Amino acid sequence: MLRYLLKTLLQMNLFADSLGADVSNSSELLLGLNGSLAAFELRNLSAPHGTRPRRADAPPRIVEHPVALLVPRGRAATLSCKAEGSPAPAVRWYRDGERLLTDAEEPRSHRTLLPDGSLFLARVLPGRRGKADEGVYVCVASNYLGEAVSRNASLEVAVLRDDFRQAPGDAAVAAGEPAVLDCVPPRGHPEPGVSWEKNGARLDAGDRRFTTRGGKLMLAGARKTDAGAYVCVAANAAGERRSEPARLLVLERPVFSKRPLGRAVLAEEVAEFACEARGDPPPAVRWRKDAGELPPGRWEVSADNSLRISRVTAADEGTYTCVAENSVGRAEASAALSVHVPPQLVTGPRDQIVARGQTATFQCETRGNPPPAVFWQKEGSQILLFPSQPPQPAGRFSVAPGGEMTVADVQAADAGYYVCQAISVAGSVVARALLEVEDAAAERLPPVIHQGPGNQTLPVAATAQLPCRAAGNPLPSVRWLKDGRELPGAEPRATLLENGTLQITDLRVSDAGRYACVAASSAGETRCSGALRVQGADSSAAPAEPGVPPSAPSAPRVTAVTESSVTLAWESGRQEAGAAATSYVVEAFSQAAGGAWRTVAADVRAPPHTVGGLRPGTVYLFLVRAANAFGLSDPSAVSEPVRTRRPPAATPPPGPARLAVSLLEPAALPTGAGVRLAWTVDGPAALLRGYRVLYRRRGAGGAWETREVPGAERRDALLAPLRPGQEYEVKVRPVPEGPRGADSAVRLVRTPEAAPGAPPRAVRVAPLPDGVAISWEPPPAAERNGVIRDYRIWCWGNESRFDRNASVAGTALAAVLRGLVPGVPYRAQVAAATAAGVGVRSSPVPVLLAPAAERDAAAAAAGRGAGGGLVRRLAAVAKRPAFIAGLGAAAACLVLVGSSACIYLRRKRKKELSRFAGRRAAGPRAKAGCHPLCFGFLFSFLPFSCFFPPLFLAGLHAHGGGSWPGRAAFTRLRVSPQAPSRVPRAPCAAAPGSAAPTRGCRIRGWCPASRAWMRLPRAAARLRRGRNRDWPPRRPSPGPAATARAKPWGKRCNRRCSAGPSCCPRRPRPAS
3 MLRYLLKTLL
13 QMNLFADSLG
23 ADVSNSSELL
33 LGLNGSLAAF
43 ELRNLSAPHG
53 TRPRRADAPP
63 RIVEHPVALL
73 VPRGRAATLS
83 CKAEGSPAPA
93 VRWYRDGERL
103 LTDAEEPRSH
113 RTLLPDGSLF
123 LARVLPGRRG
133 KADEGVYVCV
143 ASNYLGEAVS
153 RNASLEVAVL
163 RDDFRQAPGD
173 AAVAAGEPAV
183 LDCVPPRGHP
193 EPGVSWEKNG
203 ARLDAGDRRF
213 TTRGGKLMLA
223 GARKTDAGAY
233 VCVAANAAGE
243 RRSEPARLLV
253 LERPVFSKRP
263 LGRAVLAEEV
273 AEFACEARGD
283 PPPAVRWRKD
293 AGELPPGRWE
303 VSADNSLRIS
313 RVTAADEGTY
323 TCVAENSVGR
333 AEASAALSVH
343 VPPQLVTGPR
353 DQIVARGQTA
363 TFQCETRGNP
373 PPAVFWQKEG
383 SQILLFPSQP
393 PQPAGRFSVA
403 PGGEMTVADV
413 QAADAGYYVC
423 QAISVAGSVV
433 ARALLEVEDA
443 AAERLPPVIH
453 QGPGNQTLPV
463 AATAQLPCRA
473 AGNPLPSVRW
483 LKDGRELPGA
493 EPRATLLENG
503 TLQITDLRVS
513 DAGRYACVAA
523 SSAGETRCSG
533 ALRVQGADSS
543 AAPAEPGVPP
553 SAPSAPRVTA
563 VTESSVTLAW
573 ESGRQEAGAA
583 ATSYVVEAFS
593 QAAGGAWRTV
603 AADVRAPPHT
613 VGGLRPGTVY
623 LFLVRAANAF
633 GLSDPSAVSE
643 PVRTRRPPAA
653 TPPPGPARLA
663 VSLLEPAALP
673 TGAGVRLAWT
683 VDGPAALLRG
693 YRVLYRRRGA
703 GGAWETREVP
713 GAERRDALLA
723 PLRPGQEYEV
733 KVRPVPEGPR
743 GADSAVRLVR
753 TPEAAPGAPP
763 RAVRVAPLPD
773 GVAISWEPPP
783 AAERNGVIRD
793 YRIWCWGNES
803 RFDRNASVAG
813 TALAAVLRGL
823 VPGVPYRAQV
833 AAATAAGVGV
843 RSSPVPVLLA
853 PAAERDAAAA
863 AAGRGAGGGL
873 VRRLAAVAKR
883 PAFIAGLGAA
893 AACLVLVGSS
903 ACIYLRRKRK
913 KELSRFAGRR
923 AAGPRAKAGC
933 HPLCFGFLFS
943 FLPFSCFFPP
953 LFLAGLHAHG
963 GGSWPGRAAF
973 TRLRVSPQAP
983 SRVPRAPCAA
993 APGSAAPTRG
1003 CRIRGWCPAS
1013 RAWMRLPRAA
1023 ARLRRGRNRD
1033 WPPRRPSPGP
1043 AATARAKPWG
1053 KRCNRRCSAG
1063 PSCCPRRPRP
1073 AS
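When you read off a place in the sequence shown, starting at 1, and then add 2, the result is the number in this note's numbering.
FYI, nobody ran anything at the bench for these hints, they're computed from the structure.
A couple of the hints might just be wrong.
Here are the computed lysine-lysine pairs in the BS3-like style, where the Cα-Cα straight-line distance is at most 30 Å [claimed, not checked]:
1) Lys260 x Lys291
2) Lys260 x Lys226
3) Lys881 x Lys910
4) Lys200 x Lys218
What follows is a list of derived Cβ distance ranges for each label pair [what the hints assert, rightly or not]:
5) Ala533 x Arg648: 41 to 49 Å
6) Glu493 x Gly615: 38 to 46 Å
7) Arg843 x Gly264: 44 to 52 Å
8) Arg843 x Phe388: 42 to 50 Å
9) Asn800 x Arg204: 30 to 38 Å
10) Gly264 x Thr408: 39 to 47 Å
11) Arg369 x Thr564: 22 to 30 Å
12) Val138 x Ala106: 20 to 28 Å
13) Asn154 x Pro853: 37 to 45 Å
Source: prediction; values computed, not measured.
Each residue gets a CB set at the ideal place from its N, CA and C atoms; glycine is no exception.
Turn these sequences into a full structure, and let the hints steer you where they fit.
Written out as structure tokens, the structure reads:
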């Protein structure tokens, strides 16, 4: 008996544990029981044989403790727990201090206790927050000798959401720059780790250029091979999630594969500079000239980006730069152009005639690039004279740095031709001049009268002095002539003074006349005359006071020489008061022309002056006198001898050209290079001087523009510069020596289009709620360079991912750019594009979209200050999605409140149909009866229905029949006998001719929603007309049953009817 009692107490202890008792309580109960057994000294009662325990029995001991687990949701998990003891201990499991029931105790449990004591979870279930099976687990092993508790082991459910908090986006970087791909993994437990894949393969962890920090993939020094599709992989114990591929583009800055080299070319030749660049994307190449512009009309860029300059000039010299640019950078390469210009004479030497012992100077000023070296040489001599060289020979010959050669103390042996040569790498030029040394006969010049008789007016009886100061080598003699006749030597009143002055005393009227002074020597003679007027005694006019003649001018200089003329220049003499010169007189001397000084020009107003009518190939000397109202000045110094040019060989005059010019089809060269013209000539083309090209824009009208083409042998010409994208009319006209030749036929040529040379004008930006409106005006007509096909619009953000681009047709002058991010600063640019490419971009216009709140505030402020602002604000509010959604929710709330009120009022009106309506069911006539608790639930849920109308409707539909279904919720009724407590048991039957059951019947209704028979009050058994098509019930009910097809009872039939349906105004139709 004691043994059975002990077993019963032990089972009671285990039963207490199964009811959730604390482990400590169970231990105390077990220990108390053991204590009581010890008190009774029943230690051997549990032994299978005998009354003493066996030595093999031992208390439980945990040999394998459970370990913490992290299990994905829905996966199986096993918590190990192995114990040993004798007898074999029983194992129980606790979670967070609560006893766990396994499938042996709870058939529907997903937990299984394995034979070795381990706990097997078929699937780890998450709760509302994913913690249904999460917690701290402990296994307890016990037998009658005691119990052992394992260490705590936590079980956590791993979770990983699907959506990345920030998925990586496409990026483009330049080679050599760092690249960063952002990635924020989905939320999960534990926090997922991030790894990266490139083109489907996991990134090499040993590549130090790749660094992952906080989910970001950072690449130091991107290479071209790093381009590809990168995927961010987030993984934890719940699984892994892969982002959408993000493409990394590694672009290359422009790099020159062929750089331009410096060039040195001759003038009028072609200069070419090569330039080849590569990059990704392929760079655009353009040329520029430092500190200047490219030669207009003479440069072109070929398909390989080489620059070609035709017919170079010295002005084209400079540095030319090739600029290669793409979206990630730019590169420049420069080369210098040196234009070698052959030497040219600026001032050449002239033939000179110099007297023995004088100094001869020959000019030889040259120019060229590089500056030429100048040296002199006398024909027939081997001696070369260079600038800064010691004088040769005997110190009489010298060459100045400017190329001027001087021969001092000219001797007769110095006569001859002297040659000036200028040499450089570009060529050479030679000029020569003749030096003639005068002999003794040629050295004698006619006398020069420094002061001759001037015009004088004197009274009668006065004394007249007519001066005549003459000089010459040899010394000349002076004599006087009056009116062309020599004065008689015996005239007592006329005296010839030693200085050659003629003095006449006691003047008489007969002394008036023209007096001439003649200075003669062996070299020749010179004359100078003046008029003498004598006033009578009866003359009332006062004699004029003698004036002062002007000063002598400087020696004349020869500036130009032709076959029959010499151009002279001089400076006026010193100006004194009342002695200003009013005109000049030029005198010339030539042995071949008569050997006397003669006046070759009079009344010359100012220098320079060209003396004409000279003999070709003749040597002349010149002097100049200044004149005013009081006479002539002293003569100037004599000029250097100058020889007029010899006449060229005579050629017969050409006759009129009779020829025809045929213009071939013009060829338009690439953009900016112009048009190449070619023609043929039928006739004597040798008689032409050249050709004249005439051109104008077609349709412009007006005069023709001309371009001269010298040379009768020319048959082509380059017409440049011309406007790109224009159609021109071109013709050629021959230019003969005689009459004008006939024009060729007019040809049409269209120049290629070029990118617009100017940006669009007046670019304006207006902000919109979700973008900007950009408007502009076309570029100037002269800069369009063709037909504008479209306009390109760029909106650059502070990062490339914010950039927005668009293009519109060439006829549009405005566009709307959407998708801009508020708060991000943008720069808008517009450019026109032709078939040749995109033109110059406009200046950046800053754009900044304010956040929505600021825009609303600004709009409200603007609306308050402008008329009709309220209407605009209301219209703007009505267009917002939040307003529309709120309006719909409000309408739904009104509909639901109205429906609920209607149902409630109808229910209240019909609640008298049954005495049971106030208790649990709705009235029998309610079409959608509702339990009172249901109304409380609906009205408590009504505030949320404004935001979740579908959820509210679903709840109304689900609870439309109430917690106790009304008549509309049942399709079949079952009537069976019942045993009321105060009514004797009686068979359940319907009254004759009635479908309504009588007292003592149990009524059940078939609910399709719950698919079960539910007990109802009798008054709730009334069915809707035509709804119970399957009555009587198909399933048999225990005991006798009355089946009927019922119609609704009358509205006022709400009392118990013991006599059948006779108490009701409307009787149900008898059952069929």
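Verification of the supplied hints:
1. Lys260 x Lys291: Given pair Lys260, Lys291 holds - Cα atoms ~19 Å apart, limit 30 Å.
2. Lys260 x Lys226: Cα-Cα ~21 Å, so holds.
3. Lys881 x Lys910: Outside the cut-off at roughly 43 Å; violated.
4. Lys200 x Lys218: It holds: about 14 Å lies between the C-alpha atoms, which stays within 30 Å.
5. Ala533 x Arg648: 41 to 49 Å: holds (42 Å)
6. Glu493 x Gly615: 38 to 46 Å: The hint (38 to 46 Å, Cβ to Cβ) holds, given that Glu493 and Gly615 are roughly 40 Å apart.
7. Arg843 x Gly264: 44 to 52 Å: violated (32 Å)
8. Arg843 x Phe388: 42 to 50 Å: violated (59 Å)
9. Asn800 x Arg204: 30 to 38 Å: Distance hint for Asn800, Arg204 holds at roughly 34 Å.
10. Gly264 x Thr408: 39 to 47 Å: With a Cβ separation near 40 Å, Gly264 and Thr408 satisfy 39 to 47 Å, so the hint holds.
11. Arg369 x Thr564: 22 to 30 Å: holds (24 Å)
12. Val138 x Ala106: 20 to 28 Å: holds (23 Å)
13. Asn154 x Pro853: 37 to 45 Å: violated (52 Å)
In this structure, the hints that do not hold are numbers 3, 7, 8 and 13, in rising order.
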